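Based on the provided sequences and hints, a complete structural model is requested.
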Amino acid sequence: MQNRTLEIGVGLFLLAGILALLLLALRVSGLSASPSSDTYKVYAYFDNIAGLTVRAKVTMAGVTIGKVTAIDLDRDSYTGRVTLQLDKNVDNLPVDSTASILTAGLLGEKYIGISVGGEEEVLKDDSTIHDTQSALVLEDLIGKFLLNTVGKEPKEATPANPAN
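Using full-length UniProt numbering, the first residue of the sequence shown is number 1, and each one after it goes up by one.
Hint data in this document are derived by calculation from the structure and do not stem from the laboratory.
Hints may contain errors.
[Claimed, not checked] Simulated DEER-style distance windows between Cβ atoms: (1) Ala-61 with Val-137: 24 to 34 Å; (2) Leu-21 with Gly-143: 34 to 44 Å; (3) Asp-126 with Gly-105: 31 to 41 Å; (4) Phe-13 with Asp-131: 32 to 42 Å; (5) Tyr-78 with Leu-147: 22 to 32 Å; (6) Lys-41 with Gly-17: 34 to 44 Å; (7) Ser-115 with Ala-16: 35 to 45 Å; (8) Val-10 with Leu-106: 28 to 38 Å; (9) Gly-113 with Gly-143: 49 to 59 Å; (10) Leu-141 with Phe-13: 47 to 57 Å; (11) Val-28 with Asp-126: 27 to 37 Å; (12) Thr-83 with Arg-27: 56 to 66 Å.
This one's a predicted model, so the numbers in the text were calculated from it and none came from an experiment.
All C-beta atoms in this analysis are idealised placements derived from N, C-alpha and C, irrespective of residue type, glycine included.
Below, the structure written as structure tokens:
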């Protein structure tokens with residue numbers, strides 16, 4: 001009888017551990033079961049969205065204020081349209097705020113950073129952030145650096161003036 005009680009206790013302990021790991025995985029991944037009704041939608045258009053994903057965080061001054069809910073191509077301007085879902089408690093962002101695609105660390109995840117503007121008019125639901133900075137693509141940067149250095153011919157050495 002005591003052996004059976006011990007087995008049930010170990011089973012319950014393992015079940016609690018598995019549930020804790022599942023909850024931790026959901027929190028880390030950004031998935032949530034709760035509906036996000038206290039948010040509003042803002043759009044931003046970028047020339048290059050390289051590496052940005054849906055559910056990427058939106059931050060301001062290092063604090064997460066929302067997330068990316070959709071990424072698609074605007075057929076009129078041929079730019080990437082990003083739909084941001086921002087918290088209602090950050091409802092005082094000026095319309096001239098800047099959205100930039102940033103990287104956490106050198107090769108980390110991409111996220112959107114918001115820099116506050118100076119206008120008195122604020123962003124509302126379905127507003128658009130017009131001032132954006134696209135993602136920095138490391139491969140493009142390396143290619144530009146290599147083409148600049150490889151394309152230049154080495155300078156010819158000039159003889160030093162001999163001292164009289």
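Structure-based check of all given hints:
Taking the beta carbon of each, Ala-61 and Val-137 are about 25 Å apart, inside 24 to 34 Å as hinted. Separation of Leu-21 from Gly-143 is about 42 Å and conforms to the stated range, judged on CB atoms against 34 to 44 Å. Taking 31 to 41 Å as the suggested C-beta distance range, the pair Asp-126 and Gly-105 conforms, at roughly 33 Å. Distance hint check: the CB atoms of Phe-13 and Asp-131 are about 54 Å apart, inconsistent with the given range 32 to 42 Å.
Tyr-78 and Leu-147 have their C-beta atoms about 25 Å apart, which keeps the hinted 22 to 32 Å range intact. Distance hint check: the CB atoms of Lys-41 and Gly-17 are about 38 Å apart, consistent with the given range 34 to 44 Å. Separated by about 44 Å at the C-beta atoms, Ser-115 and Ala-16 satisfy the suggested range of 35 to 45 Å. A hinted range of 28 to 38 Å is violated for the C-beta pair Val-10 and Leu-106, which are about 44 Å apart.
Checking the proposed 49 to 59 Å range against Gly-113 and Gly-143 shows it is violated: the Cβ atoms sit about 25 Å from each other. Separated by about 51 Å at the C-beta atoms, Leu-141 and Phe-13 satisfy the suggested range of 47 to 57 Å. At about 30 Å, the beta-carbon gap between Val-28 and Asp-126 stays in the expected band of 27 to 37 Å. Separation of Thr-83 from Arg-27 is about 23 Å and departs from the stated range, judged on CB atoms against 56 to 66 Å.
The earlier numbered hints that this structure contradicts are 4, 8, 9 and 12.
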